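**Student:** Spelled out, the chains give:
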Amino acid sequence: MIRAWQNFPLKKYWPATLMIVILLFIPLIGLSAYMVTFLTLYFIFLSMAEMWNFLAGYGGFFSLGQGAFVGLAGYMLGILTDFGCPTYAALIISSSVSAAFAAVVSKPLFRVKGVYFSVGSLALTEMMRIFFTSWRPPWASPVTWGGAGIPIKAAAYITRIEIYYVALILALISILVVKIALNSKIGLNVIAICDDEDAALSCGMPTFRYKLFLLVICAFFTGLAGATFYLYQGYIEPVSGFGVNWTLIPLMATIIGGLRSVEGPIFGAFISTILYLQLVRYLGLSLILQGVIVILFVFLAPKGLRGLFDKLKKGSGG
Amino acid sequence: MAYRRVYCELSWFMKLIEAVVYGSLLGGAYAVIGIGMSLTLGVMEVMNIAHGEIILLSSYLAYQLLLLLGMDPLLSAIPLSLFLLTLGFFLQKYCLSRALKYSVEMFVITTLAISTILENVYLLIWSPMQKALITGYLLWSCEVGGIKVPFVFLLDFFVSIAVLVTLREFLKKTYLGMAIRASSEDWKIAQLMGINTDNIRALTLGLAFLTAGIAGVLIGLTYPFSPSIGKSYMVIAFGIVVLGGLGSMIGTFIGGLIIGLVQVLTATFFDPAWQLFASYLVIFIILALRPKGVLGR
Amino acid sequence: MMEEDNILEINNLSVYYGGLRVVHNVSFNVRKGEVFALIGSNGAGKSSILSAIMGLSSYTGTIKFLGKKIDHLKTYQRIALGLTLAPESSAAIFSRFTVLENLLIGSYLNRAEREKMLERVFKLFPILKERMNQPADKLSGGERKMLLIGRALMSNPKLLLLDEVSLGLSPLITDKIYEACKEINSQGVTILLVEQNVWKALEFANRACIIEAGKITRVGKADELLDEESIRRAYLGL
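Note that the protein sequences, when read in sequence, are chains A, B and C. Note that the first sequence covers residues 13 to 330 in the numbering used here. Note that the second sequence covers residues 406 to 702 in the numbering used here. Note that the third sequence covers residues 124 to 361 in the numbering used here.
What the hints contain is simulated information worked out from the structure, not anything from laboratory work. Just so you know, not all the hints are guaranteed correct.
Have a look at the derived ranges for each label pair, beta carbon to beta carbon [what the hints assert, rightly or not]:
no.: 1; chain 1: A; residue 1: L200; chain 2: C; residue 2: L143; range: 52 to 60 Å
no.: 2; chain 1: A; residue 1: G216; chain 2: C; residue 2: E242; range: 42 to 50 Å
no.: 3; chain 1: A; residue 1: P27; chain 2: C; residue 2: K338; range: 28 to 36 Å
no.: 4; chain 1: A; residue 1: G126; chain 2: B; residue 2: M476; range: 37 to 45 Å
no.: 5; chain 1: C; residue 1: S293; chain 2: B; residue 2: I655; range: 34 to 42 Å
no.: 6; chain 1: B; residue 1: K577; chain 2: A; residue 2: D210; range: 30 to 38 Å
no.: 7; chain 1: B; residue 1: K506; chain 2: A; residue 2: Q245; range: 35 to 43 Å
no.: 8; chain 1: C; residue 1: N134; chain 2: A; residue 2: L200; range: 51 to 59 Å
no.: 9; chain 1: A; residue 1: V292; chain 2: B; residue 2: G475; range: 38 to 46 Å
Some chain A residues close to chain B (C-beta under 10 Å, calculated; not the full set) [what the hints assert, rightly or not]:
no.: 10; residue: L30
no.: 11; residue: V33
no.: 12; residue: I34
no.: 13; residue: L35
no.: 14; residue: A68
no.: 15; residue: V131
no.: 16; residue: V256
no.: 17; residue: T259
no.: 18; residue: Q302
Since we're looking at a predicted model, the values are computed, not measured. Ideal placement from N, C-alpha and C gives every residue a C-beta, glycine not left out.
Extracted from the complex, chain A is given alone in its bound form (with noise of 0.2 Å):
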């Protein structure tokens, strides 16, 4: 890994640098509250995205429970703050409760692939569900858990702002994370054994343990960017904080960037920002309009905008 941060060509990314000084500075400067709630969100799904194109782009496991991870850390999120665990540390807590129960999940989970993988993890999520829906603990007051679930007492203590930097903070962070684990063993290892598990095994690599990192910082950071997002929110209940949109955003936002591409999210992150807070009222028609966006990309084009990018250079060019 050390080695990979040493090849990492800072000259190349002098215009993604400026981006990222102006966005770190223009808070300070003034910024819309429109716009600052568009940027927490967008770094939120764009740190989600990129997670779940390191998992099913670069990995091959297309999981459809991200839920699991972000219901998860967001429920743990709530549970912390409640007894007064300081909200960085609940946060760091909260996405290490989701890798730690990635870790539990993934030997069971690894042993099947394909589609049934797709399942297993939806089916896992379906499971946390009904779990959060039907468990009362023993400090639930009466209007809380269940159905109604439950509030992040945090959010009431921590501005606007401070949740701008921390989701802006965790979108870097996750795409450094990406690119370098990309370039390192761990990446290479993986795209190996999405490739041809079989062939990878039979040179001596120990797959399994491959998988099992792939998966825990897929959920990490999933959790994390969750738990965010619930900070933002102030309360989480157990439909739509284990629903299926937590994969249909990343899903989307990556397929209109394409699979396997570690600058596309950041493209696609932008159009489910932009439906999610326009139809924030109507959730359901944001999800219809995500649908729809899907099953267009998927017949027209499925290498994302970057496959008809170089399908157009090669017909006028080439």
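Knowing the structure of chain A, use the given hints to seat chains B and C on it.
**Tutor:** Frame of chain A, contents of chains B and C only:
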């Protein structure tokens, strides 16, 4: 004192019998949910994520027909199933086949998108409130050995058996059925027989939709439904395939029975709120325990 | 040679297996009613040619059946024209079907004739009639080969492609099968066969061509090829 104790023990035992009976009957209905999934998985090696929402489509359309035309759901099951057969056929032939040719994952993604779209469309049209197919004969029940058996449960069970038996005969005795079985075993060799495997895949999805149509009416008569239940149906269908194996009617039936039993036993002896969770847990454990690749075949 | 006499015309055929070219610009014709053999050692590319004719592999070049190009046709469309293949691998039977069901599915496109076709197959391979209702995976290697050929015959083909009839079989069974194939040919079915057993192939065939590393090295009448020194030395160990 002694009388009371005898009464309580008998009651516990009766509760068990009752649970077993209900669970088995319900399991029969579940088998119809699962058979569609088993077919698509066997022939096309993919799962339709929107399977549950297709079942719900049938339930909601039957609901509308009942509301607007007073049409009995059992009667409307016929046109609904035929409509879904056609829908599934053309959806696969002209739409999903292109996704499948690209990759299995694209098919899954597309059906996931369809599933999300349908679920939210149902939310918009019919709201999250639970609906049910209410008919006069829902109140009927008969007494067998001291247990009250609702008519719907018997209906579920016997219709399910009828569907599975008919399907089995179709697959075994007709040329189309043989073509489906051949394609599921080896689609390249099936092509060598002159079988148009594209059409066979379309027919398979059509059949899966047809059974979903029947299941939608059966389940709609048995339990209330709402848009969010679609996911549960899909997970149950998946579970039935995991438990019962692919391509075997008996296996599917047993898979349905197991899930039905687990559910009702949990509801009776533990807590009704956890019944679905219990079945999911069983499904997940079996999924984890069965060795790689030996899922049915 | 009149073109109408050719049931199959292969022109500049190159077959690709996963992006790799395994057959290079092969051309030959098969005349109606004859037995034509493709012989060569293992891996020479013979089976790939059959695969391309059936549309199961990607290829470049032209294939004409009964004078018409078939390159745009899918596999199942080619079967409808009267082409059929008995594959090499004994795994190509439908192991979850019975012997009878295997045969019946062979007549998928000509169901009306199935009784007649069954009779014909049972006459050629009586053992299949004996084992009619047994699951196909219970058959021995030789019986599976017979089932594959029988199944291919059920569609009443004009051209039968045979892939490695003798592979893995004892000389006795091989002889039996070749006897049946002679009978099939005398019933008017043109046969294109791929064989590693050069002796048996040249005995049975009218004409043959030798394939080495994906290219044709010799074409000619079978008995002439049998007499040739170089061939006897290379393939027959004489």
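**Student:** Decide, hint by hint, whether the structure agrees.
**Tutor:** Quick rundown of the hints versus the structure:
1. Distance hint check: the CB atoms of L200 of chain A and L143 of chain C are about 25 Å apart, inconsistent with the given range 52 to 60 Å.
2. Our hint of 42 to 50 Å for G216 of chain A and E242 of chain C is violated, since their Cβ atoms are close to 58 Å apart.
3. At roughly 55 Å, the beta carbons of P27 of chain A and K338 of chain C sit outside the given window of 28 to 36 Å.
4. Taking 37 to 45 Å as the suggested C-beta distance range, the pair G126 of chain A and M476 of chain B conforms, at roughly 41 Å.
5. Taken as a hint, the range 34 to 42 Å holds for the pair S293 of chain C and I655 of chain B, whose Cβ atoms sit roughly 40 Å apart.
6. A hinted range of 30 to 38 Å holds for the C-beta pair K577 of chain B and D210 of chain A, which are about 35 Å apart.
7. Taking the beta carbon of each, K506 of chain B and Q245 of chain A are about 41 Å apart, inside 35 to 43 Å as hinted.
8. Separation of N134 of chain C from L200 of chain A is about 45 Å and departs from the stated range, judged on CB atoms against 51 to 59 Å.
9. The supplied range of 38 to 46 Å is met by V292 of chain A and G475 of chain B, whose beta-carbon atoms lie about 40 Å from each other.
10. Look at L30 of chain A: its Cβ only gets to about 35 Å from chain B, farther than 10 Å, so that hint breaks.
11. Violation of the interface hint for V33 of chain A is found here, the shortest Cβ-Cβ separation to chain B being roughly 36 Å, above the 10 Å cut-off.
12. Evaluation of the I34 of chain A hint against chain B yields a violated restraint, the C-beta minimum of about 34 Å exceeding 10 Å.
13. Interface restraint check: L35 of chain A against chain B, minimum CB-CB distance 31 Å, threshold 10 Å, status violated.
14. Because the smallest distance between the Cβ of A68 of chain A and any Cβ of chain B comes to about 8 Å, under 10 Å, the interface hint for this residue holds.
15. A distance limit of 10 Å between C-beta atoms decides the matter here; for V131 of chain A the minimum to chain B is near 5 Å, and the interface restraint holds.
16. Taking 10 Å as the C-beta contact cut-off toward chain B, the hint placing V256 of chain A at the interface holds, the least distance being around 6 Å.
17. Checking T259 of chain A against chain B: minimum C-beta separation of about 7 Å stays under 10 Å; hint holds.
18. A distance limit of 10 Å between C-beta atoms decides the matter here; for Q302 of chain A the minimum to chain B is near 7 Å, and the interface restraint holds.
The structure fails to meet hints 1, 2, 3, 8, 10, 11, 12 and 13 from the earlier list, while all remaining hints are met.
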